[in-house]
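Protein chains in written order, with my numbering: chain R, 390 to 723; chain W, 390 to 723; chain S, 390 to 723; chain B, 390 to 723.
Treat the hints loosely; a few may be bogus.
All copies of an identical chain are treated as equivalent in the list; a pair is satisfied when it fits inside any one copy or across any two copies.
Unchecked claim - Calculated cross-link-like contacts (lysine to any residue; reagent style SDA-like; alpha-carbon spacing at most 20 Å):
(1) 579 <-> 492
(2) 506 <-> 697
(3) 506 <-> 475
(4) 506 <-> 469
(5) 506 <-> 542
(6) 506 <-> 696
No lab work stands behind these hints, which were simulated from the structure alone.
Protein chains: 4
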Amino acid sequence: MRFFSDNAAAACPEALAAVAAANRIDAAYDGDAYSRRLDGAFSELFGTEVAALWVATGTAANSLGLAALCPPHGAILCHRDSHIQNDECGAPEFYTHGAKLMLAEGIGAKLASETVKTLLGAIRDDVHQVQPAALSITNATEYGLVYTPAETSALGELCRERGLGFHVDGARFANAVASLGCSPADLSWKAGVDALSFGFVKNGGLSAEALIFFRPELAEATRYRRKRGGHLLSKGRYLAAQILAMLEREVWLRNARAANEAATRLAEAAGSDRLLLPVQVNELFVRVTPDEAAALRAQGFDFYDWGPGEARVVTSWDSDPADVDALAAAIRAL
Amino acid sequence: MRFFSDNAAAACPEALAAVAAANRIDAAYDGDAYSRRLDGAFSELFGTEVAALWVATGTAANSLGLAALCPPHGAILCHRDSHIQNDECGAPEFYTHGAKLMLAEGIGAKLASETVKTLLGAIRDDVHQVQPAALSITNATEYGLVYTPAETSALGELCRERGLGFHVDGARFANAVASLGCSPADLSWKAGVDALSFGFVKNGGLSAEALIFFRPELAEATRYRRKRGGHLLSKGRYLAAQILAMLEREVWLRNARAANEAATRLAEAAGSDRLLLPVQVNELFVRVTPDEAAALRAQGFDFYDWGPGEARVVTSWDSDPADVDALAAAIRAL
Amino acid sequence: MRFFSDNAAAACPEALAAVAAANRIDAAYDGDAYSRRLDGAFSELFGTEVAALWVATGTAANSLGLAALCPPHGAILCHRDSHIQNDECGAPEFYTHGAKLMLAEGIGAKLASETVKTLLGAIRDDVHQVQPAALSITNATEYGLVYTPAETSALGELCRERGLGFHVDGARFANAVASLGCSPADLSWKAGVDALSFGFVKNGGLSAEALIFFRPELAEATRYRRKRGGHLLSKGRYLAAQILAMLEREVWLRNARAANEAATRLAEAAGSDRLLLPVQVNELFVRVTPDEAAALRAQGFDFYDWGPGEARVVTSWDSDPADVDALAAAIRAL
Amino acid sequence: MRFFSDNAAAACPEALAAVAAANRIDAAYDGDAYSRRLDGAFSELFGTEVAALWVATGTAANSLGLAALCPPHGAILCHRDSHIQNDECGAPEFYTHGAKLMLAEGIGAKLASETVKTLLGAIRDDVHQVQPAALSITNATEYGLVYTPAETSALGELCRERGLGFHVDGARFANAVASLGCSPADLSWKAGVDALSFGFVKNGGLSAEALIFFRPELAEATRYRRKRGGHLLSKGRYLAAQILAMLEREVWLRNARAANEAATRLAEAAGSDRLLLPVQVNELFVRVTPDEAAALRAQGFDFYDWGPGEARVVTSWDSDPADVDALAAAIRAL
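With these hints in hand, go ahead and build the complete structure from the sequences.
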């Protein structure tokens with residue numbers, strides 16, 4: 390009964406069927422019929438003209454998005470606990486050719502616009518310091534919190550004022566949209582976002598993420614960087630097909646809702662005292678003693694030790710309801 | 390009837406089935422049961438201990454392989470018509486942080502060891518020039534020629550003498566092995582090769598290539614570079630499963646043989662006068678007048694205009710025998 | 390009366406005379422008679438075999454030193470207020486091809502080995518995080534504090550235990566040695582230091598710094614990186630000559646002592662209540678109200694506004710005793 | 390009697406005196422009185438508004454100039470024998486983050502616009518190839534030939550048509566101007582040049598080159614790159630002062646003329662049969678048998694063995710007339 394991470398879940402039937410359906414010869418790279426539909430499909434979803442590029446990993450999406458917004462001598466402002474800082478082995482530095490990540494604090498890996506302002510205020514405007522070029526947030530955050538449209542807009546406005554590009558790591562963007570009940574547009578271009586890593590893998594895809602540019606001209610140089618990074622798969626149609634299948638009939642939302650709901654049930658079982666943070670998407674951070682953690686593991690539950698006395702429990706689109714019930718009961722019984 | 394490139398062919402049933410079979414939760418990245426079997430499977434195939442890493446593209450495999458062999462201030466010797474020079478948008482320069490590709494000539498994109506020696510002889514041994522660090526060849530070449538074990542060994546020996554790393558771009562390695570009837574070992578470590586990009590995508594895979602290190606210690610830093618390049622897929626099991634399925638029961642060889650045989654039939658139809666080069670694997674370079682090319686296209690045959698009066702025809706593992714027959718007849722009728 | 394920074398002071402007569410004396414044709418780059426004496430001169434000074442390379446700036450020395458110790462996917466541990474983090478526009482990231490600076494805290498820009506241990510403890514040992522490769526400290530620090538031989542050794546030991554390279558930014562190394570009355574060896578190789586940026590410019594040079602490797606083999610690749618970075622001046626003899634002239638008859642120590650003594654006199658004038666930190670070399674951080682700062686400026690004293698209510702006063706080898714007396718009196722009179 | 394290279398000559402009295410005169414405290418980096426006069430001085434010289442940055446080496450000037458014109462995924466077209474290709478250890482690749490140098494042929498290291506057109510014609514316009522971004526020529530070339538204003542303009546026009554930046558490596562720009570008797574403007578912005586590395590070191594400076602941007606906005610990001618490359622010397626006034634001193638009273642032209650005239654005298658002595666190329670500036674390429682070369686060396690003449698049976702003889706601003714007479718006589722006597 391695996392609650393370790395959503396990044397190792399199965400692929401949903403629609404995604405898998407789309408791969409099989411795309412299994413005939415077509416133009417290579419992104420010249421195939423599926424890939425050529427991506428811009429349109431996402432433009433429709435977001436209600437504005439976007440450029441959409443598939444890549445195979447969230448790390449690639451994030452890094453390419455940031456490279457479009459930040460020169461080598463620039464800085465990317467982000468949270469100290471962000472994925473781009475802690476979990477990508479320096480991929481943003483690699484793709485930007487050495488930009489500097491400047492770190493800020495905030496509960497639940499969330500950045501407030503005041504915090505970003507303070508960080509900006511500490512950077513001297515001279516050639517001896519790298520100059521701020523982009524802000525990157527994660528929505529939902531690494532701790533399972535969401536930025537509301539208003540919170541996102543506040544950051545977007547700050548970016549516009551200070552001439553910063555605005556990137557959102559949306560590995561769990563679907564979960565955030567599902568949780569907030571808003572539109573994808575509300576959490577992106579309407580809030581001033583320039584580039585969004587729209588995650589599909591954690592949400593039931595096999596191997597496809599979408600990098601969305603709300604200023605489509607940013608895609609131009611990115612197409613070269615994608616190739617140069619080795620991310621232009623020759624049979625890209627399998628990636629595009631997965632994404633299209635998950636956009637159709639809102640599979641992406643359905644999957645995200647399922648994951649979120651499973652987490653909500655576990656949160657109710659845990660009760661607020663045990664929770665380090667509110668549960669807004671599909672992650673719970675639960676206070677457990679070493680003995681309690683061991684007891685849960687002994688019952689067959691797999692999860693991540695987040696820190697001393699803390700467990701991270703992640704649900705996914707395909708979390709088995711019986712497993713969720715069992716874990717809920719086990720938590721209640723602690 | 391598509392003879393444009395093997396890089397857009399369908400995936401073979403074994404690969405597709407393997408993806409479906411791997412569609413259940415497992416450890417993420419390369420911690421899953423499939424990925425953990427790769428080193429062993431390739432060590433067995435090559436008859437020596439190797440380290441094997443999956444990546445999603447040949448460009449990634451080549452660039453990571455080269456980055457393991459060449460420092461930023463080094464040079465990679467390769468053919469003027471090599472894929473790494475002409476078709477990867479500078480990915481080797483990106484992954485090596487700016488190494489220089491030094492180009493040599495040779496018929497059919499093939500390098501002779503004498504040519505490499507001459508190139509080496511022209512490089513001054515001082516800090517003002519980048520120093521040669523690696524040799525990279527493509528087997529089979531971009532023009533469909535193979536390096537024999539003896540030819541490969543001659544280059545391997547030169548590399549050892551001069552302290553160069555030796556990389557083989559094996560996007561069509563399977564076709565070369567099938568054509569030569571030798572063992573994979575004969576074209577790799579026994580001939581002094583340090584790193585091999587072993588291609589599966591052109592040969593019936595969906596999205597997986599294997600980067601093989603015959604000095605397994607080279608894999609260590611490469612694992613970080615792979616992550617940093619955004620190439621560590623979280624559901625890597627789909628890639629590993631494809632590769633394992635194609636290694637089993639020699640599917641990789643069966644597929645390569647089918648592609649080669651289709652090309653051989655077309656070569657016989659063309660006759661040696663029309664052929665720019667001998668046909669050794671699954672590519673033909675055919676002399677055609679503009680009118681002849683147009684006539685073939687009018688009959689529904691798709692191929693690549695290689696140069697003035699030249700057409701490139703590529704077969705693949707799944708080239709339809711009826712299509713091959715039809716094209717053979719059409720060529721004969723020119 | 391300029392107490393803004395020592396980095397804009399005049400050059401000392403010995404350095405200037407050495408440049409003039411070197412003004413005749415000789416071999417280019419570092420093949421000249423002066424450059425060839427550097428290794429020997431520094432080996433003698435340090436009492437061990439070292440490799441010594443001249444460069445024109447401290448930023449180049451630091452970056453090349455770090456590039457010799459840290460791969461692109463590695464991390465450099467340093468103080469949040471270090472020059473390499475705040476004042477070099479990302480030069481370490483440029484020369485290391487994107488390594489990450491990991492920041493620690495400590496009073497007066499000084500790192501304790503316990504703090505470094507804590508930082509190390511927070512880095513997971515997996516491919517998703519850049520791995521610690523080097524520690525860099527500044528001696529004397531950006532706040533004018535010195536690391537004693539014992540403090541340096543404690544850090545050196547930690548580096549050895551954890552397999553980290555150890556770099557010292559010694560822009561004011563001379564001032565530290567002069568202040569501590571120890572030998573250069575005590576603050577470098579005897580304490581486990583691998584690479585030292587030995588500053589001469591702030592201490593009376595025109596344009597030369599020395600990068601010292603206590604593991605001489607580290608210089609090999611560095612020679613290529615220096616050329617590649619555009620730092621191999623064709624008339625390098627002017628740089629080498631400056632350095633040699635300042636090593637002779639301990640001009641470097643004489644200059645550093647003069648700067649330190651001037652600062653000591655100012656510190657005595659200020660009294661401990663006004664001082665933010667002890668004055669150990671040639672920098673004072675003084676509490677002043679805006680009115681007091683304005684009053685000092687009105688009397689012709691130039692200094693740096695360090696923060697609200699804080700002034701940085703820097704003396705140099707050539708601080709005019711009369712100016713120092715005047716400033717001391719002015720501070721007393723506040 | 391040294392005719393090995395002009396890059397190791399003495400500094401001229403004006404440059405040395407300027408360094409001494411600048412030896413008093415001033416603002417650091419490029420905030421001093423000398424540095425602030427550079428833009429104006431060069432704008433006057435060129436008769437148009439330019440931005441001028443000092444750096445310490447030609448390699449730095451070239452690399453920073455190219456980095457302003459070419460993205461990492463771009464290509465720089467240049468001659469196979471250019472300094473940026475052969476003598477800078479990959480500095481252009483380092484500063485551009487991996488751009489590709491695409492090489493063309495031409496007698497005397499000179500590029501014809503037809504040759505450049507052919508090279509451009511061979512580059513496919515797709516994401517699989519790096520795209521041409523800049524042209525770089527050397528004037529005077531590495532073989533001592535000059536591009537006339539008309540030849541330069543032809544290349545400049547081609548650059549404008551194809552959207553390429555145009556860089557001139559002017560390590561011996563002064564010699565070219567002196568030889569042609571034209572204005573600096575005729576060989577630069579009037580001919581479409583965007584960036585010029587204006588050399589002073591070979592022409593009698595100690596350690597200063599000027600990077601001139603004829604589109605001043607290109608200097609903005611370059612200021613960051615210069616700092617990031619470690620090329621913003623804290624006592625930059627010594628560099629600016631040298632350059633200003635050599636611009637005043639046309640010292641730069643006087644020096645270049647002296648070097649050119651010495652070469653002309655040697656060329657007359659050699660006679661056209663011995664010369665591989667016309668002598669247009671201060672370099673001669675002379676046919677000599679091994680015995681002849683040995684005979685010259687035995688008489689105390691130092692020069693560079695260019696190739697089998699070829700000697701390179703370089704004069705400089707300070708070539709001793711007696712030495713030149715002696716060498717002329719010795720060549721005549723061969």
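Now the hints, each set against the structure:
In this homomeric assembly, residue 579 and residue 492 never come within 20 Å of each other (Cα to Cα): the closest approach is 25 Å inside a single copy and 35 Å across copies. Taking identical chains as interchangeable, the C-alpha atoms of residue 506 and residue 697 lie at most 20 Å apart only when they sit on different chains, with a minimum of 18 Å there against 32 Å within one chain. With identical chains, the CA atoms of residue 506 and residue 475 are at most 20 Å apart between copies only, with a shortest distance of 18 Å across copies and 22 Å within one. In this homomeric assembly, residue 506 and residue 469 come within 20 Å of each other (Cα to Cα) both inside a single copy, at 15 Å, and across copies, at 19 Å.
Within a single copy, residue 506 and residue 542 get their C-alpha atoms as close as 14 Å, which meets the 20 Å cut-off; across copies the closest is 40 Å, which misses it. When the C-alpha separation of residue 506 and residue 696 is checked against a cutoff of 20 Å, the pair qualifies only between copies, where the shortest distance is 18 Å, while the shortest distance within a copy is 30 Å.
Violated hint for the displayed structure: number 1, the only one.
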